[in-house]
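Participant: Line by line, the protein sequences give chains B and E. Counting in full-length UniProt numbering, the first sequence runs from 1 upward without gaps. Counting in full-length UniProt numbering, the second sequence runs from 1 upward without gaps.
The hints are simulated quantities; they were obtained by calculation from the structure and are not laboratory data. Be careful, since some hints might not be right.
In this list, chains with the same sequence are indistinguishable; a pair is considered to hold if it fits within one copy or across any two.
Simulated crosslink set (DMTMM-like; lysine to aspartate or glutamate; CA at most 20 Å straight-line) [as the list claims (entries may be wrong)]:
no. : residue 1 : residue 2
1   : Lys253    : Asp161
2   : Lys73     : Glu63
3   : Lys99     : Glu258
4   : Lys73     : Asp15
5   : Lys253    : Asp284
Number of protein chains: 2
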Amino acid sequence: MPERLGPPRETPLFDRVALVGLGLIGSSIARAVRHLNLARTLVAIDGNEAVVARVRELGIADEATADVAAGVKDADFVILCVPVGACGAVAEAMKAGLKPGCIVSDVGSVKASVIAQVQPHLPKGVQFVPAHPVAGTEHSGPDAGFATLFFNRWCILTPPDGTDEAATERVRDFWQAMGSKVEVMTAQHHDLVLAITSHVPHLIAYNIVGTAADLETVTQSEVIKFSAGGFRDFTRIAASDPTMWRDVFLHNKEAVLEMLGRLNEDIALLARAIRWGEGDKLHDLFTRTRAIRRGIISEGQETAEPDFGRRREGQ
Amino acid sequence: MPERLGPPRETPLFDRVALVGLGLIGSSIARAVRHLNLARTLVAIDGNEAVVARVRELGIADEATADVAAGVKDADFVILCVPVGACGAVAEAMKAGLKPGCIVSDVGSVKASVIAQVQPHLPKGVQFVPAHPVAGTEHSGPDAGFATLFFNRWCILTPPDGTDEAATERVRDFWQAMGSKVEVMTAQHHDLVLAITSHVPHLIAYNIVGTAADLETVTQSEVIKFSAGGFRDFTRIAASDPTMWRDVFLHNKEAVLEMLGRLNEDIALLARAIRWGEGDKLHDLFTRTRAIRRGIISEGQETAEPDFGRRREGQ
Ligand SMILES: NC(=O)c1ccc[n+]([C@@H]2O[C@H](COP(=O)([O-])OP(=O)(O)OC[C@H]3O[C@@H](n4cnc5c(N)ncnc54)[C@H](OP(=O)(O)O)[C@@H]3O)[C@@H](O)[C@H]2O)c1
Ligand SMILES: NC(=O)c1ccc[n+]([C@@H]2O[C@H](COP(=O)([O-])OP(=O)(O)OC[C@H]3O[C@@H](n4cnc5c(N)ncnc54)[C@H](OP(=O)(O)O)[C@@H]3O)[C@@H](O)[C@H]2O)c1
Chain B
1 MPERLGPPRE
11 TPLFDRVALV
21 GLGLIGSSIA
31 RAVRHLNLAR
41 TLVAIDGNEA
51 VVARVRELGI
61 ADEATADVAA
71 GVKDADFVIL
81 CVPVGACGAV
91 AEAMKAGLKP
101 GCIVSDVGSV
111 KASVIAQVQP
121 HLPKGVQFVP
131 AHPVAGTEHS
141 GPDAGFATLF
151 FNRWCILTPP
161 DGTDEAATER
171 VRDFWQAMGS
181 KVEVMTAQHH
191 DLVLAITSHV
201 PHLIAYNIVG
211 TAADLETVTQ
221 SEVIKFSAGG
231 FRDFTRIAAS
241 DPTMWRDVFL
251 HNKEAVLEML
261 GRLNEDIALL
271 ARAIRWGEGD
281 KLHDLFTRTR
291 AIRRGIISEG
301 QETAEPDFGR
311 RREGQ
Chain E
1 MPERLGPPRE
11 TPLFDRVALV
21 GLGLIGSSIA
31 RAVRHLNLAR
41 TLVAIDGNEA
51 VVARVRELGI
61 ADEATADVAA
71 GVKDADFVIL
81 CVPVGACGAV
91 AEAMKAGLKP
101 GCIVSDVGSV
111 KASVIAQVQP
121 HLPKGVQFVP
131 AHPVAGTEHS
141 GPDAGFATLF
151 FNRWCILTPP
161 DGTDEAATER
171 VRDFWQAMGS
181 KVEVMTAQHH
191 DLVLAITSHV
201 PHLIAYNIVG
211 TAADLETVTQ
221 SEVIKFSAGG
231 FRDFTRIAAS
241 DPTMWRDVFL
251 HNKEAVLEML
261 GRLNEDIALL
271 ARAIRWGEGD
281 KLHDLFTRTR
291 AIRRGIISEG
301 QETAEPDFGR
311 RREGQ
């Protein structure tokens, strides 16, 4: 798989890169950085000692520590890969160690809140370029990562007003080196876009799986057996990390509630069409929605194979 | 792939099997019947002349015709594989051709309505054993089918009161021969179970994709680019056949509206938890829902690979 990333660079992009949080995203970055030679030295920092130990075993960083302030010392690029709600605390813990000229970034799924949490803690002379790679799986932890996770996926940068252009360009180069396509937008717009393309779909999936588990008229065993009709797709999304997703909803409250409101209006119309037997309205909607999938497939963000090309267990 | 189905039978299960509707499901049955030698003669019937011609080209049946009454003549097993809303018309069209002792079945995703539509047309001496294979993809038409579609999937039989036990057993044997696991329940219970495991998930997916397409604050191009965060899973479901799904909702109205009501209650609670920052409530739900996915994977209804083992285009 890694060969799709191309050969390692002759000269690293950064001298000393520190990653805080070695879960799915952090450990994927670590693997890609290693594979592509993007850092002369790669430091892995995680609050969880078990994760630090596992990172050492996996050999995906040059140094590994649980001490944030010590870990970021002398780094010229620091990336926070912790749940969105932990970014403020990490920024505070590391501020003493940051050297002037250092670029700080993150990978949080919400951007305005992360900026509000992190920026007040950063010393003068440190640039903050928030980022969000739109890529992931339902798994988490340092074993779940892989070097090609970001390949052919979008990464959104949301530099606050006043950010040094050169810093933004270096972060762009970093993500492009890992195979990502980069787009720049405001944090506010990011949070609105991701509310509909990611946050609300997750909320809906968690909700439907939760509702199904609580029914009295249909047993859990029936839900499980007959899930191949569509439901099981939702369970994949609803198996994602609870802490990460709790933080996303708490930190992107307004946009999520706004999009949920829109969805509720539309579902009320659909329910009405069903109640009154308005088949044409249903057929129209069901026809329109196919175009969006075709767009996603032709943009290379999805496989064209039926059923995601899913392989079956037990076959 | 077909070798998983095991070797062809020495003696066919039925003499003459007629399939009405050669789309995804009908053409998958045709391929499996052929491969496993479940019928001495297989007749393909479809109202669409283009489909009849394509079935001839594909060579997946012994005879192919657009004439329902002629096609079912002398068949000892007839399976309706047309959209749920078309079952009454097909039953009426074929009744003159049905021979005594014939077993009629179907594959409709809704059962009570199909029974109400079909039974009044069946001559005395003909047994009706409704079936629903809980298996499918988002594609349709005769080219979309494949012989292993039903392998390791559940098929639900809903024989109405008074159905001959022997007929039910023959239909069970037929589905088991194609690799399915068979369960018998009432049509009413089936319609409730499938409302939550299939129909409402489809409705929600169509709804969210429709809402996303209509937003003014987020462009369609942004929705497409940044869909990898969760949304694109919904677009797969929302790319399913519009006619089939229109019919499902029109014919399973009560159960769908009931389940939708439950979902709405739960989503209101979730929205409230987000509004008031009740992180524990969110975390609890997000933890509970993982158990259901584990159940589905250990029951062999889903792959354990991250991201459905999805292969990426353009990589
Ligand atoms: N997963 C995705 O699909 C995805 C996609 C794009 C962006 N993101 C974003 O990426 C970030 C990380 O997500 P992930 O999926 O990689 O999470 P993850 O697999 O759960 O890993 C997070 C890691 O951070 C550690 N950590 C938590 N709080 C910390 C703190 N205060 N100080 C130091 N380390 C801490 C965790 O330790 P413990 O083991 O003790 O928790 C864990 O090792 C989140 O902000 C998320 O929004 C995720
Ligand atoms: N797709 C799934 O995932 C799935 C799963 C389980 C059960 N089912 C059930 O299986 C049935 C068929 O679904 P499918 O996905 O196989 O549909 P499909 O691919 O759209 O095929 C349906 C076929 O029936 C033909 N047809 C429609 N009305 C007819 C009529 N009055 N007389 C004769 N032929 C007619 C259609 O012709 P045209 O080309 O002219 O429309 C088409 O060739 C539905 O009842 C559905 O609820 C579907």
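Participant: Are the hints correct? Go through all of them and say.
Facilitator: Each hint tested on the structure:
1. Lys253 - Asp161: neither (23 Å within a copy, 52 Å between copies)
2. Lys73 - Glu63: within (12 Å within a copy, 77 Å between copies)
3. Lys99 - Glu258: So Lys99 and Glu258 fail the 20 Å test inside a copy (40 Å) and across (60 Å) alike.
4. Lys73 - Asp15: within (12 Å within a copy, 80 Å between copies)
5. Lys253 - Asp284: between (32 Å within a copy, 18 Å between copies)
The structure is inconsistent with the numbered hints 1, 3, although it conforms to all the rest.
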